[in-house]
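Protein chains in written order, with the working numbering: chain G, 1 to 325; chain B, 1 to 361.
Hints were generated in silico from the structure; no laboratory data involved. Where hints are given, some of them may not hold.
What the hints assert, rightly or not - Facing chain G, a subset of chain B residues (Cβ under 7 Å, in silico):
no., residue
1, E118
2, T121
3, A144
4, A146
5, F179
Positions of the beta carbon are idealized from the N, C-alpha and C atoms, including for glycine.
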Amino acid sequence: MAKMTMVEAINMAHAWEMAHDPSVVVLGEDVGTNGGVFRATVGLQQRFGKARVQDTPLAEGLIAGTAIGMAAQGLKPVAEIQFMGFIYPALDQIASHMARLRNRTRGRLTCPVVLRMPHGGGIHAPEHHSESLEALLCHHPGLKVVCPSSPARAYGLLLAAIRDPDPVMFLEPVRLYRFAKQEVPDEGQALPLGCCFVLREGSDLTIVTWGAMTVDSLKAAEQVAADGVSCEVIDAGTLAPIDFDTILDSVIKTGRLLIVHEAPRTCGLGAEIAATVSEQALYDLLSPIRRVAGYDTIMPLYRLEHDYIPGVARIADAIRATLAE
Amino acid sequence: MSGHTIVAHFEIPYRACLDADGAPLGPLPAWTEDGELLRRMYRMMVRARTFDTKAVNLQRTGKLGTYPSCLGHEATHVGVGAAMHSDDVLFTVYREIGTKFWRGVELLDILLYWGGDERGTVYQRAAQDFPFCVPIGSQMPHAAGAALAMQIRDQRRCAVAFIGDGGTSQGAFYEAINFAGVKALPLVCVIVNNRWAISVPVAAQTAAATLAQKAVAAGIPAVQIDGNDLLVVREVVGAAVERARSGGGPTVIEALTYRLSDHTTSDDATRYRSADEVAEARRLEPIARTRNFLQARGLWNEAEEQALKAASTEEVEAAVKQYLATPKQSTDAMFDYLYAQLTPALRAQRELARRYAALSH
Numbered sequence: 001m002a003k004m005t006m007v008e009a010i011n012m013a014h015a016w017e018m019a020h021d022p023s024v025v026v027l028g029e030d031v032g033t034n035g036g037v038f039r040a041t042v043g044l045q046q047r048f049g050k051a052r053v054q055d056t057p058l059a060e061g062l063i064a065g066t067a068i069g070m071a072a073q074g075l076k077p078v079a080e081i082q083f084m085g086f087i088y089p090a091l092d093q094i095a096s097h098m099a100r101l102r103n104r105t106r107g108r109l110t111c112p113v114v115l116r117m118p119h120g121g122g123i124h125a126p127e128h129h130s131e132s133l134e135a136l137l138c139h140h141p142g143l144k145v146v147c148p149s150s151p152a153r154a155y156g157l158l159l160a161a162i163r164d165p166d167p168v169m170f171l172e173p174v175r176l177y178r179f180a181k182q183e184v185p186d187e188g189q190a191l192p193l194g195c196c197f198v199l200r201e202g203s204d205l206t207i208v209t210w211g212a213m214t215v216d217s218l219k220a221a222e223q224v225a226a227d228g229v230s231c232e233v234i235d236a237g238t239l240a241p242i243d244f245d246t247i248l249d250s251v252i253k254t255g256r257l258l259i260v261h262e263a264p265r266t267c268g269l270g271a272e273i274a275a276t277v278s279e280q281a282l283y284d285l286l287s288p289i290r291r292v293a294g295y296d297t298i299m300p301l302y303r304l305e306h307d308y309i310p311g312v313a314r315i316a317d318a319i320r321a322t323l324a325e
Numbered sequence: 001m002s003g004h005t006i007v008a009h010f011e012i013p014y015r016a017c018l019d020a021d022g023a024p025l026g027p028l029p030a031w032t033e034d035g036e037l038l039r040r041m042y043r044m045m046v047r048a049r050t051f052d053t054k055a056v057n058l059q060r061t062g063k064l065g066t067y068p069s070c071l072g073h074e075a076t077h078v079g080v081g082a083a084m085h086s087d088d089v090l091f092t093v094y095r096e097i098g099t100k101f102w103r104g105v106e107l108l109d110i111l112l113y114w115g116g117d118e119r120g121t122v123y124q125r126a127a128q129d130f131p132f133c134v135p136i137g138s139q140m141p142h143a144a145g146a147a148l149a150m151q152i153r154d155q156r157r158c159a160v161a162f163i164g165d166g167g168t169s170q171g172a173f174y175e176a177i178n179f180a181g182v183k184a185l186p187l188v189c190v191i192v193n194n195r196w197a198i199s200v201p202v203a204a205q206t207a208a209a210t211l212a213q214k215a216v217a218a219g220i221p222a223v224q225i226d227g228n229d230l231l232v233v234r235e236v237v238g239a240a241v242e243r244a245r246s247g248g249g250p251t252v253i254e255a256l257t258y259r260l261s262d263h264t265t266s267d268d269a270t271r272y273r274s275a276d277e278v279a280e281a282r283r284l285e286p287i288a289r290t291r292n293f294l295q296a297r298g299l300w301n302e303a304e305e306q307a308l309k310a311a312s313t314e315e316v317e318a319a320v321k322q323y324l325a326t327p328k329q330s331t332d333a334m335f336d337y338l339y340a341q342l343t344p345a346l347r348a349q350r351e352l353a354r355r356y357a358a359l360s361h
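Let the sequences and hints guide you as you build the complete structure.
This is the structure we're talking about:
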C-alpha cells in the first residue's frame, strides 16, 4: 500500500465517494482544471466530468448558497472555500441558511453539504490565508465542524462528512497537507463524526487539541515523557458536536487538563471545553485547567507566524506548570 | 478619434398587454383565449387580497406577528405562479403569497409562519419550494444551485426566484445571475420593483434607469414589464420559464408594481411617501384592472364577483379558525430538527426545556 499525504488522502476520499455515489458533486474556485490550489481535487474533473466537478465564479457566498440549492434538490455538494480567511462572505449563507434549512422547514428540506476549507497558518502564505476560525462555526447550531489531523483521519472523516445528512464544515490544517505520509487503505471506510481520537495514552495530564496542533502537542508530550510525565493526547476530531464523554473520562483519569489550539484564546473553543469540564468534573481536577492558544492578535504576516502559533516549547511549559500546581 | 468603437450596447424592452383600465393595447397572446385559466388567475388574486386584508387585521388585534402585506402585488405574484410548471421550484422573498397559493401552499401555512410557528413551512404540495427568505437577496444563490442541480441531471425543469428592488443592491443577486449567465442555468429571476424598500426609493438604490439592465452585466436577457398587468406577467414569465426548461438559459424580468401597503405591519409608510403618490398608484392597482378586462370579455359578472368575495372570505375565516385552534409546538420542536440525529448535548438541553415548560403550565 502506497503512503500518501493528507491532501492526497482527501483527493482519494473525493474519488471514492464520487465513484460510489452519483449524487456527489464538487464545486468551488479552481477545483476543476486546476484541481484546487492545494491540488485536493486534482484529476476529479477529468475522471468524473465537468457536470460533477464545477468551477464556480470567484464568490464564496455564491459557492455556499449554490450548494444549499443543490443539496435541497438531492445532490451532495462538496464545495471548497479556498482559504478559511475567505469564509466571511459565505457566513451569511452558512449561518442564515445552511445551518437552518432542516430546522426551519421541520425537516422537509435538508442540506447535506460539505464545505471544505484550509485551516490555520504556518506555510508562509499571504495575509488572510492563515486564519483559524473554528469557533465562529461551532457557535452556530445546525452545523457540524470537523478537523482531521492525519491522512487516514482526513480520508475517513471526509467520507463521513459527505455521507452525513447535515452540513459539515471540514477544516483542513494547511501545515499537515504535505507534512507526513501514511498508509491509507482506499476501502471507503468512514470514521465516525462526533468522536475524539486518543492519539497517546497517559495518566498525569490530558491534552485536548485538534488539527495541526496535534503534532506539536504530541512532540511536547514526548518531551516531557523524558521527565517522567505521562500525557494523554486527545485529537477532538469533530469540534461540533464535540465528544465530551471521551474528554471527561480522560480528565477524570488524569486529573489535569490542558487545551491547545491555534485560534485566538478569547472565546476560542478551548473556553467552551474548559467551562464544560469545570461544570462536570471540577472535583476530579488536581490543578486548574490551562489553555495554550494563539494570542488575541491579528494573525501576523508570515515572518511572525511561528511566533504566533503555539509551539512545542509553550505546550511543554504549560504541561510542566500544570503538573507543578 | 481613432481607436474608438462601441464594444457593447444594450436595450431593455418594456412590455404590457393591457392599459390602466384593462383594455388590450394590441393583439393578445393566444393562451388568453383560455377563459377558464383567466378566471382562475383572477380568483386567486382576489383570494390573496382577501387573505392579506384579514392577516393585517389579525396582526392589529394581536393574533398574528409582524406581517408583510402583498397589497398591490397580486398580478405579479399570481401571474408568476400561473407561468410555472408544478415541477419547477420557487424561491420567494416573503411577500409572494399569491404565488405560493397558486402552487398549493395552504392559507393555514402562511398564518402559522407569520404566527411564529415553523410548521408553516411544511408545504404538503410544492414540497421542493423554499420557504420565505427574510435575509434580503440571500435566496438567489439557492435558486441558482437548484437550477444547477437540474442542469447537472439533465432535467426539463427550472428555478424561479423573486427578488425585490432593494434586493438587487445585494451582492448575492449579482453573484447568482452572473453564475446563471456563465452556466446558462434554467433560472428565471423576477424582480418585483414595488418602488420602495421600506423607506428607501429605487432612486436611492441605484442610478441605473432600470433594474432589469443589471442583468446585462451578467450576459442575461432582460425585460421590464407592467407588473400590474396579469396577462403580460404570465406571458413574459411563461416564455422565460419555457426557455429555461428547454435549455435556453436564464432570464431576468423586472415587474413594475407598487407596494400599496406599509412595508410590514410594523411600518408606517406615511413617514416617507405622499398620499398623492399612493393615490396615483392605487389607480393602477391590478385587481380592478383585471376584472375590467374579464368583464369586457364576458368572462365575469357582478354576481360572480359577489360569490367569489363571499367564498374567499369564508375560506379565509375557516383557515383563521384552524390557525387560532392550533396549539403551539412543544419545546422539543426547538431541538428535534437541528440535525437528522439529536446530539447528546442537545438531548440534555431538550430535557431542561421540557422541565421548565412543564413548570410554566
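Task: Structure-inconsistent hints, enumerated in ascending order - done: Violated hints: none; all satisfied.
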